[in-house]
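K.L.:
Each chain, letter by letter, is given below.
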Amino acid sequence: MLDFSAAEMEAVRLSLRVAFWAMVGSLPFGLVTAMVLARGRFWGKTLLDGVVHLPLVMPPVVTGYLLLLLFGRRGPLGRFLEETFGIVFAFRWTGAALASAIMGFPLLVRAIRLSLEAIDRRLEEAAGTLGARKLFVFALVTLPLMAPGIVAGMVLSFARSLGEFGATITFVSNIPGETRTIASAIYTLTQTPGGDVGALRLTLVSIALSLVALLAADLLARRIDRRLSGD
Amino acid sequence: MLEVDIEHRLADFLLDIHFRAGRGLTALFGRSGAGKTSVVNAIAGLLRPRRGCIVMDGSVLLDTERGICVPTHRRRVGYVFQEGRLFPHLTVRQNLLFGRWFAPARERRAASLDDVVDLLGMAALLDRRPGRLSGGEKQRVAIGRALLASPQLLLMDEPLASLDARRKDEILPYLERLRDEARVPIVYVSHSIAEVTRLATTIVLISAGRVHAVGPVREVMGRAELYPLAGRFEAGAVLAVRITAHDPRWSLTQLTGDFGKLTVPHLDAPIGTPLRVRIRARDVILAVARLTGISALNVLAAEVERLVPIEEGALEVQLRLGGERLLARITRRSGEALGLAVGRRVFALIKTVAIDRRSLSRQGETADLDDEIETFDS
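From first to last, the protein sequence lines are chains A and B. Using the numbering used here, you'd call the opening residue of the first sequence number 1 and step up by one each time. Using the numbering used here, you'd call the opening residue of the second sequence number 1 and step up by one each time.
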């Protein structure tokens, strides 16, 4: 039962790589977006909030197709990135990471934003009276206090990436060794005669990975909480 | 020298404040919601007044006319907030040293960690996090943290208001030492008459966004007409005295001031110690002739300076005794019966036991006064 085929192992490794880079790559953008939404006051904020949350409510296929239109080799962004930086997303694992990042983005932003809104801004004022300029206030007070939310957001983004299917398969297809993640592999196996056992194996792996990610996040969040509450 | 002259629109009234604060502790005193906190926030740069000018030792912190508004982190004012505002993710030591990283190198010598830890008795707390400190300990750390940023001015916004009476007693001596030893001018917001009497060098009385009186504690506390502005606490004048004799046989202590002598219950302090004594208006009896055969040990000759009718049936009498003032609260009927009028010579009688021994501080330049810390409902 537990002897994985080389293709199955490949899918697991690929899924982890895609999820990791989706999480890491979207973090800076998630931080900035959460800051802007939590603290900014500007025209169009509600619209931005809506756009950020779109991937949560749109059919994943739509997101994937939009990515294909924009980041495909002939899409406006895709062509620009390829010509200037040599970065290609279409039908590569990087494209799977991009699709996963977009799908997980609302969860990431939401978690960070909630933690930011929970911060007592009077602590930042206090840091200011002690001589800290805005950048230091952010680095020494705001960021550490946001840590639990950032961790939670990263885990949600990671877990969401592991489960991503619709947008990925639409945008970068289902290429063995390049874009065939666990989810795509399970789908393929269920379409293949005699593939049931392999599908079941990958299903168990998928459950195990998600559980480990959630438990690790819980542990980390508790440790940070304990620190903040004074132990 | 701090000079404040600001105008700002608040929810209920126009804040229009003008005062100067010199060395020592300047108390912004008045009832809750009078605008005191807005004034210190403006000094710290946390609130930008609509119009005005704030100058600290010749350097301009705010001048709306010239468009100058120095940002908070460059003002070099230490701020002790009512709720402490310690950083929960840092230890006490890290909290204390937070401001030091930002103080200009040449001014860091102003206060060393060891000195401040000593001054505030915090050695045992250094490795704890704020979540595990008591209210009194938190406030001490907050004071230490502000001091270690080497401020040119220390702002304190009701630093004792969230503490119970015992914790207040725990911190008050530290504040006295701070005022006398740290040589940083302090602006102290309070609505507690006991705190202000004990700590203040100068009082700025604020009511509904305006300054109604500025002056030394004894001068302002002795003015009967100011009490309705300050809040619902009991009127009482403050006298400056020095311990001149102890009488162990009767367990009494003699205090001497410009006005004469006072006998109070025994005080455990050496002869020569300067003190402040607050005498509540309701503890003073007036007589138009010198009485004999009475139990009150303190009889002081005085002259009526002002009569202020207060609530239903009562009269606040402001008296002058030498260079000092005394307040007495009597009924209007008695006032009429005695024929009290401005300039009339009277005798003020104060029961020795009315001055509570427990309330008299044994150290520092000043001491207290009446037994309870009086505050009013906000």
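The hints are simulated quantities; they were obtained by calculation from the structure and are not laboratory data. Virtual Cβ for every residue (Gly too), placed ideally from N, Cα, C. Among the hints, erroneous ones may be present.
[Unchecked claim] Just some of the chain A residues that point at chain B, by a computed CB distance under 7 Å: (1) R122; (2) L123; (3) L228.
K.L.:
Next step is simple, just say for each hint if it's right about the structure.
P.N.:
Evaluated hints:
Given hint, A/R122 at the interface with chain B, holds; its Cβ is 6 Å from that chain's nearest Cβ, closer than 7 Å. Taken as an interface hint, A/L123 checks out: its beta carbon lies about 6 Å from the nearest beta carbon of chain B, inside 7 Å. The restraint placing A/L228 at the interface with chain B holds, with a minimum CB-CB distance near 5 Å, inside the 7 Å limit.
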